[in-house]
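Chemist: The residues making up each chain are set out below.
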Amino acid sequence: MQPELVERAMTGDTDAFASIVSSAIDGCYALAYRILRDPDRAQDATQQALLGAWRDLPNLRDAERFDAWLHRLVVNACYTEARGERRHVARVRLLQMDLPTSPDVARSVATRDDLNHAFRQLSPEQRAVVVLYHHLGYPLTEIAETLGIPVGTARSRLHYAVRQLRVALDANDRSFASSEERPA
Amino acid sequence: MNRSTDHEFDQRIADWLEDDPNLAPRQALDTVLAAFPSIPQRRTWRAPRRFQTMSVPIRLATAAVIGVLVVGGALYLARSAQPSVGMPGPTPATSPSAAASPSQASAWRLTGPPAEDRGFNGITVGLLDGRVLTASGGRNASKTAELYDPRTGTWTATGSLHEGRSYAITVRLDDGKVLVAGGDNAGSNGSSAETFDPATGVWTVVGQMTESRGQAFAAVLSDGKVLVAGGGMDVGLKKTAELFDPVTAKWTPTGDMIDGRAGPLSALRMRDGRVLVAGGFADDKTSAEIYDPTTGLWAATGKMDVQHVDEQTGIALTDGRILIAGGRPTSADLFDPTTEAWTASDAMDASTDLTACVALPDGTVLLVGGGTSVTFATTQIFDPATNLWSSAQPMTRTRYVRSATLLPSGTVLVVGKLDQRWTRAFGRAIRRRLLTHGTARTAAAPSDQPIVRSRRGLATVIVLISASETPASRRRGRKVSLRYV
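Residue numbers (my numbering), protein chains in the order written: chain A, 1 to 184; chain B, 1 to 485.
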């Protein structure tokens, strides 16, 4: 984000902030969706983070750090959303029983399902670290800085999260390997 | 077993995350653009402007409330500041008010903050002359260093490091110099090392480690050499170890650890000269191993009873045992070097994950801070004689604690990072009150009573606990309450 734009928004320039919102909202939503795995909640978290950003923008000390600061607001909004009352959402995956399905496609779908399931078992704090590390490509030190936690804590969260995800993936791989070995 | 490799696994996770939607619904953008102009921005000094826009009755009511608060606050400060004015004794144990009641002997005081926010990743070391060195760390792996003088309660800048560092390896050498090595800078570990001479305030480069390391273990051995082991940041955890000889300023490899392991946690030298490394960041966080300097080899020892999930702290007790605490479990681990067995301590009063501990002169251990608490940060005292923990007066809302150092006067200097929300809400009022105290004390007792100051977001806190007044030694197993001044 351009520091000049941020500095103008810090002084209360609504046009500047509208420009910031327009260019930053997709990134915020993408981050929130990946942490929450729910479009409605991701939208709520995104809106809360951006409105909070406008409200607290004058207190931002360094305009150059706006992106990291905004990411932190999004993650915090995700924590709030994740800890809120759980919505009852019916999750139905339509299986195309009549169509021939290649083993690769079936495996891909199963992998995604297993990863989804394993990811939902993680705490919101662990999810945030996984997304920042694997999706945004932040190094651990940057993650720690963004989330306001020590790097050791960031590393610990990532370690335990990855271990759970790896267990899910390895179990999936094993089940497919055994099904392929089984005689038809 | 078809176990995926690290690279393959990372790629699958990245691909899976990549498939998720990247575009926000148009409705979200419309909502934000419509709503934000009506939301007032929070500014530090906006009260006067809002005051002018208030209606007359509300203005009068507000003025009345402010007046009551100002007068009441002034009376309160005047009363609480009186006993300390003109008090010559620097320590609570020798002051009349401290002697009157043990519960009044120990208290939290804010002292001068370092000029630079060093975050969680700076270093802090107590020097032989009683001063305290803090250096490096912060957002950009700083090169700067500062010295705390307990007599004035102030920090002053000293010589800068040759290299910026974050989470560096740090130990105080037997000759009083401070060795700083490795650490993280710009996302990668370094291998350079340098020593700080407190007499001159100058940093001197002392060669390179045989490997780059960050968050490694370090301990000074009986012969004055320094053992450095493990470490690792984003990359794999290291098993390697090496020795630094302060006389020749040379680094030489020594035996590898059994498990890859990283800190932050000091390696702890036992009475027999061997060094214990337990837990830390490892695949098995309950594992422990011992380095024998006579053979240069590591040997596995018993596993800890409890798993310390996050940052833990450890200390060698006066009776020879080793205490490992913090990292979220509600009890600590005690290691007996003679039997090499671990036992769980008495239950702690609070589970903390970012703590620091310090041995008090009477043999008890003060454990300060905690990362998960949303209330006041905890302070607990462990008594090795009874294996019991007792609660002490909580610190000001310190979320993370970086170090605790015993000063010559028997006070403990704790360097940490305050909860921003707390400082935002109460900082101004408390700062004013503390400044009043500081002025009185500076004029009346310029000994080692600290100048009391606070700064938003970062503060240094002193808890005054003297050798003769350690609460746990008087009230073993009972809760104690220290008066917050």
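Hints were generated in silico from the structure; no laboratory data involved. It is possible that part of the hints are untrue.
Unchecked claim - Some chain A residues near chain B, calculated using beta-carbon distances under 8 Å: (1) ARG34; (2) ASP56; (3) LEU73; (4) TYR79; (5) VAL151.
Said to hold, decoys possible - Computed, partial: chain A to chain B, Cβ under 8 Å: (6) LEU5; (7) ASP13; (8) ALA16; (9) SER19.
Owing to the predicted nature of the structure, the values given are computational and were not obtained by experimental measurement. By construction, the Cβ of each residue, glycine as well, lies at the ideal position given by its N, Cα and C atoms.
Chemist: Hint by hint, say whether it matches the structure.
Modeler: A quick look at each hint next to the structure:
1. ARG34: This interface hint holds because 5 Å falls under the 8 Å limit.
2. ASP56: holds, 6 Å
3. LEU73: violated, 13 Å
4. TYR79: violated, 13 Å
5. VAL151: With Cβ-Cβ at 6 Å, under 8 Å, it holds.
6. LEU5: Constraint on LEU5 (chain A) not satisfied, violated at 15 Å.
7. ASP13: Nearest chain B Cβ about 11 Å off; hint violated.
8. ALA16: violated, 12 Å
9. SER19: violated, 10 Å
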